[in-house]
Amino acid sequence: MTLTNLLVWRRCRWAVLVPLLAASFANVASANSPLLEGWPTGLEGQNSRVRTLELSDAGAESVVVHAAIALPAMSDHYRARVEILADVLSQGSEAYPRLTVRRLTGALGSPLRGFTTPGALHLRAEVPVEAWDNALAVLVDAMRRPLLDEAAVRASIETRTLVEPGEWSKALDGLRFDWATVQPREVRELADAILRPERTLVVVAGAHEPRTAAARVAARCAGWVGGLERRWTFESDQRVWFPKGRYVDLLGAPIDPRSEWPVACLAALALGAGKDSTVFRIVRERHAWSYRQEAFLASEGQRWRLRCLVQQAPGSEAPDPDALRQALLADVAAWDESTLARAAAMAKLAAIGRIPSPLQIGTRGRADASSLSGRALLAALWFEATGELWEVEEFSRRCAEVPLAKVKEWATTQLKASAGRIYGASGTPDR
Amino acid sequence: MFRGRRLVNTPLIPIPSLGVEVGTRLKSHVSAIASLLAALAGAQGTDPGAPRLRTETEAGSVIWVESVPDAKEVVVSLWASARDTAETPTTHGHRHLLEHLMAQGDASIDRRLESEGITLTAQTFRFAMHFQFRCPPGKENRAFQEIAPWLRGFETTAARIEHELRIMRHEFALRDGADALAAAAWRAAFGQRGLDAWGTLTAMAGATPESLKSLHRAHFAQSNLVVAVAGPVDLDSTTRQAVALLTTAPKATASPHREALVGESARVEDESSFGEARSAIAPGFARDETQWALAAALALATEVPRSFVSFVPSAEPSLVTWGRDDQRHGLGTVADGLSSNDEARLFRIGWEMGQAWYENQLRSPVGIAYLRGLYAVQSRGAKPEDSVRKIQAMTFEQFKEGLRAFGKDRGVTVVGVGR
Chain U
0 MTLTNLLVWR RCRWAVLVPL LAASFANVAS ANSPLLEGWP TGLEGQNSRV RTLELSDAGA
60 ESVVVHAAIA LPAMSDHYRA RVEILADVLS QGSEAYPRLT VRRLTGALGS PLRGFTTPGA
120 LHLRAEVPVE AWDNALAVLV DAMRRPLLDE AAVRASIETR TLVEPGEWSK ALDGLRFDWA
180 TVQPREVREL ADAILRPERT LVVVAGAHEP RTAAARVAAR CAGWVGGLER RWTFESDQRV
240 WFPKGRYVDL LGAPIDPRSE WPVACLAALA LGAGKDSTVF RIVRERHAWS YRQEAFLASE
300 GQRWRLRCLV QQAPGSEAPD PDALRQALLA DVAAWDESTL ARAAAMAKLA AIGRIPSPLQ
360 IGTRGRADAS SLSGRALLAA LWFEATGELW EVEEFSRRCA EVPLAKVKEW ATTQLKASAG
420 RIYGASGTPD R
Chain W
0 MFRGRRLVNT PLIPIPSLGV EVGTRLKSHV SAIASLLAAL AGAQGTDPGA PRLRTETEAG
60 SVIWVESVPD AKEVVVSLWA SARDTAETPT THGHRHLLEH LMAQGDASID RRLESEGITL
120 TAQTFRFAMH FQFRCPPGKE NRAFQEIAPW LRGFETTAAR IEHELRIMRH EFALRDGADA
180 LAAAAWRAAF GQRGLDAWGT LTAMAGATPE SLKSLHRAHF AQSNLVVAVA GPVDLDSTTR
240 QAVALLTTAP KATASPHREA LVGESARVED ESSFGEARSA IAPGFARDET QWALAAALAL
300 ATEVPRSFVS FVPSAEPSLV TWGRDDQRHG LGTVADGLSS NDEARLFRIG WEMGQAWYEN
360 QLRSPVGIAY LRGLYAVQSR GAKPEDSVRK IQAMTFEQFK EGLRAFGKDR GVTVVGVGR
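Chains U and W supply the protein sequences, listed in that same order.
The opening position of the first sequence corresponds to residue 0 in numbering that gives the first Met the number 0, with each subsequent residue numbered one higher.
The opening position of the second sequence corresponds to residue 0 in numbering that gives the first Met the number 0, with each subsequent residue numbered one higher.
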């Protein structure tokens, strides 16, 4: 299969953090069978289509087991249900009750927990090396046979109604879900339909024995059959949070990371990484428009957008989006080789986790390679978006190869095409 | 040669690694003696094989250099103690403002550094100011070069102050929730002595170029300075460079006498924040109770998703804060309703996480330079390993004492009712 060949070929070049990937299809012969659209996979003798990424890091002192489940396109109405599902998936499964989950995955204080990113539902635990296979069993059972106990679902809903996101989270994604309308039945239906082997990418990262993860994942997932596919288009009215500050927001057009990631990453780093970045120098230091201002690539699952977001004190009156855009464009026009050299240096730092990557994942902040769990998440997101493996040297090298003219052209095009808006304290209520 | 008096730190090096890891690596006799002492002491280490050297100059500056041969970066931390520059309500925030202006340097400092893969960050704490350079190996000299003009003196203009205050107005208006909760707890526990490092815009507006110059001179006097370096560096040559750097700073004046902080239990509703927090009053990093409270907070945080622990090791009494800034319910139910089974389960978690909190930092150059500098700037001989040992020796009863320090009758409860 193309995927497998690509990954095996790339593996030869990995050096420091030897990531091994096995595109693990437990039953390869039947995995090549065409899918019957609208029917559950797992029929026709397939017993697992879970893919496995293995990041082997002998220097680590733990292992992260991480499952990323790609979400189907769905309306915001269902996103609320996914959030609840993420909360309760770690609350016990048929084979592992809640306290057993805590006992088998909680030794390092990072027990099995669920969370979402744009386009995916994640389950993750970080455990001592010797405990990783047990943790994997718990993780897989949570996806295959979750209890989704009604009391746990109701407790999650009740808790969510009390939660108010932070100021910056409100600015990034202001949706205010109507938790009270979520029914436990809906969460169970959602789980049946989206927890499917072919949507699942398992990442095993850390100091486990190399080249063992794919086989263990395949064994744990053997016989896993997903439920019925369905459409998730029901719309309901969604409210929004209003942040306290004033926000000026420029949002670029969607891009395809598979073809554009090197130039997009380098441009985002030139615009937003470090204190000599364009937004820091121009927005903060020159104009004193803000204390916090960021430029990044907003992940929307398999597509990204350039976004520049400026946070201001309530009552601020300038700039409007066009003034912000013009200020940034003027600086981009003046970028020279020293700008490019600095951005390339930032790319190297992002690759090794010294600074956050340019990839923003919803309200969770930037994808960040500084920790083992961060690398596992980044590996999953990067693979799903670009079709490539996140690899330190490769990321730096590909960024460094982008010529100045191309970076300037890309950033200019994106900024000119960006949609501008103001919201928050003194902005319009329209998000 | 430098004129400073070299002191030998007792490094925590397990015996088995001495001959292989350290003995072949060290070039300095002093360092070798340090290793020998460690071997004789038979101390258990958190960072096996790491030779380190602590040097104190005649003027009272401290230099910590720690070799981490396999590290991919060198971290240079400059710490300046605030023992001579305690703030009052009328000067509240002048140190924060000074930090902003110093970090700007000339207009091109960030371009110079970042192009070479070096990042510079700055922080103001209640007890010190901290500048951190993270450098590729071999480029630590660049950090020393950029620090040098900061130590020689400080100049600014009224226009620059005014411009910076315009930026800080945005910073103050949208302060992070966890930070605001912790600050409210400090005010409740310590009153006026619990002034945070942020300050107020009103007080900062009273700063002048002259007052900041004077503040800088007192803050960056030699006796207040610590340089901590960690990474693949040579101990002797790096120490020599640091000593030469620090001797260019101004001499100290007499430190004013300060009364010891005394914290009090309290419950407050705070309109500047949102969420809730429970804080334990910790008597300082030299006392066992502080480490019990830290272990308890870390264990409690695993019980409540999205909760945070805020703690900066401090020689003086301080707070260990456990909170959440996304809702204002739930912590009290957990903290005040633990069963004996819960306590027993949490003990193991707290015991491990408390040690890991320090040890994980002491594995990386950035954590080493941070923690060693942070301890030394407050108490010259203090070491984070002493805190680790206190947690290692913690009994179940002591851990329960740590948990009780977060109780509503012992600790500080903050309910953030803002937004």
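What the hints contain is simulated information worked out from the structure, not anything from laboratory work.
Just so you know, not all the hints are guaranteed correct.
Unchecked claim - Result set (DSSO-like, lysine-lysine): computed pairs, CA atoms no more than 27 Å apart in a straight line: (1) U:K405 x U:K347; (2) W:K212 x U:K274; (3) U:K347 x W:K407.
From a predicted model like this one, the values you see are computed outputs, not experimental measurements.
Here is how each hint holds up against the structure:
no.: 1; hint: U:K405 x U:K347; in the structure: holds, 19 Å
no.: 2; hint: W:K212 x U:K274; in the structure: holds, 24 Å
no.: 3; hint: U:K347 x W:K407; in the structure: violated, 48 Å
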